[in-house]
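Undergrad: So the sequences go chain by chain: A and B.
When we follow the working numbering, the leftmost residue of the first sequence carries the number 1, and every step to the right adds one.
When we follow the working numbering, the leftmost residue of the second sequence carries the number 266, and every step to the right adds one.
Treat the hints as calculated values from the structure; they're not laboratory data.
As the structure is a prediction and not an experimental result, all values here were calculated from the model.
Facing chain B, a subset of chain A residues (Cβ under 10 Å, in silico):
#: 1; residue: T13
#: 2; residue: F19
#: 3; residue: P22
#: 4; residue: R94
#: 5; residue: E104
#: 6; residue: F105
#: 7; residue: V109
#: 8; residue: P111
#: 9; residue: V113
#: 10; residue: V115
#: 11; residue: M119
#: 12; residue: L121
#: 13; residue: L197
#: 14; residue: V215
Even glycine gets a Cβ: it sits at the ideal position worked out from N, Cα and C.
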Amino acid sequence: MRTTAARPRGVLTRLLELFLLPVLLIALWWAGSASSGNYYMPTPDVIAEKFREVWISERFFVDVLPSVGLLLSGFALAAVVGVALGVALGLSPRARAVGEPVLEFFRAVPPPVLVPLLMLLVGVNTPMKLAVIVSGCVWPILLNTIEGVRAVDPVLADTCRCYGIRGRRWLTTLVLRSASPQIMAGLRQGLSIAIILMVISEMFASSSGLGFSIVQFQRSFAIPEMWSGIVLLGLIGFLLSVLFGVAERYVLGWYRGVRAASRGE
Amino acid sequence: MTRTANTSPDAAVGAGANRALLGAAGVAGLLVLWEALPRIGAADPRYLPPASEVAITLGGRLGGATFWAAVGDTVAAWALGLAIAFAAAVVLGFLIGSAPRVRAFTTSTVEFLRPIPSVALIPLAILLYGTDIRSTLLLVVYAAFWQIYIQVLYGVADVDPVADQTARCYGLGRMARIRYVVWPSALPYLMTGLRLGAAVALVLTVTAQLVIGSPGLGQEIAVARSSGALDEVYALIVATGALGVLVNTGIRALERRALRWHSSVRGEAL
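Full structure from sequences and hints, please.
TA: Listed below in structure tokens is the structure:
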């Protein structure tokens with residue numbers, strides 16, 4: 001990627017690179033769906049029309065916003081719990097040795113199987129969905145934080161000790177900072193699991209929300225509406241990933257600088 | 266997540282047996298807590314049956330043929346889905362990764378498709394294939410493909426330019442360069458992709474069975490839940506967790522074997 005970016009290129013090439021393939025694919029889809037007349041494969045204009053009709057309405061506030069809010073609050077909660085616990089466990093080798101097999105087990109449980117259990121325990125409501133999201137996406141965050149914290153450069157740790165850097169400053173300037181590449185990797189994994197779980201918890205047991213609506217459309221054979229829901233979910237996933245990328249660039253700016261410097265660029 | 270085990274500064278504490286002992290203590294502690302909470306009344310036994318009861322239920326299940334048929338279905342769908350995703354991702358990753366121009370044209374599409382949650386495809390899968398194994402495969406392949414593909418792309422891009430130039434100077438052809446230069450540099454990335462993909466594939470396999478109702482452990486859990494048999498639900502969750510642990514350890518062993526020559530693994534012996 002570096003080599004291609006280094007070459008000076010025109011705006012036109014850049015635009016072509018960005019849009020050529022997507023446009024081609026949509027055109028292919030259009031041609032394919034229009035000629036086959038397949039009931040399950042509506043043409044893009046029908047989907048776009050339904051998208052406007054279904055989602056750009058009060059449904060956006062009733063179904064979409066609460067779902068996204070749920071997703072984000074679950075993810076934030078998992079991030080706080082995961083990083084806090086991860087730092088604690090990462091700093092204490094003994095606690096880590098005790099906890100490791102148990103953590104490995106919990107991480108290996110596919111998160112969606114907790115949905116039926118939590119439905120029975122908590123009931124079908126918002127706390128249940130929140131619990132599902134947190135219980136699923138906390139593991140990659142927790143385990144990556146542990147790894148990041150234990151990989152803190154010992155020389156830097158000694159330097160901090162020599163200069164008497166302790167407490168909060170030590171935590172924020174040394175521990176969290178040097179663990180941040182791993183923490184961000186964990187958060188990224190956690191985010192995609194959070195989306196999956198948000199949808200699953202709504203598909204399974206809910207009377208509102210994005211996941212519920214999509215299943216509802218499918219059951220009533222409202223195919224273009226169902227497709228528009230899939231597209232919306234895709235857009236949400238894409239948007240969150242872009243936002244995360246921006247946040248990551250901001251948080252890890254120093255790290256990319258260090259890496260580039262060590263490569264001698 | 267795998268390779269820091271013996272290289273970290275605190276390796277002294279976790280030396281061998283001691284570490285295993287502490288780990289066992291952790292597991293035992295959890296089991297005792299799980300047994301005690303419902304027994305002393307701190308948790309409602311209707312909602313949290315004691316560990317021993319769940320163990321007995323699980324034991325009973327282990328003796329039955331339905332359980333093993335479900336495990337077989339789950340493992341088969343997982344393995345098949347992962348294999349398809351792996352093959353497609355490696356072939357496409359090498360083809361597109363080694364042609365920077367093509368890669369530039371595909372990046373925007375990949376970056377758009379990748380974050381689409383594969384559960385969004387559940388309704389489509391139901392419509393197309395019903396509860397057939399193919400609907401499970403659709404989700405699993407979609408989810409696992411991107412994990413592996415992205416890693417392969419990074420791996421192919423990470424080839425040491427000096428090594429590549431050297432190979433060219435010695436007159437190695439395109440295929441030979443792929444075999445002796447690109448493949449070894451991409452392999453660590455590929456194995457990481459396989460590990461991530463395997464975990465995601467298992468999650469999606471169970472999810473599909475749970476939500477769509479294709480046969481397997483997920484479906485068993487859904488059935489147990491709808492009949493209100495909570496100890497069954499717990500027992501099956503423990504079983505899926507155990508399956509997950511097996512998958513993780515298996516893939517890690519494979520990773521260590523395939524990368525014996527690589528410094529990240531060789532370093533572990535020190």
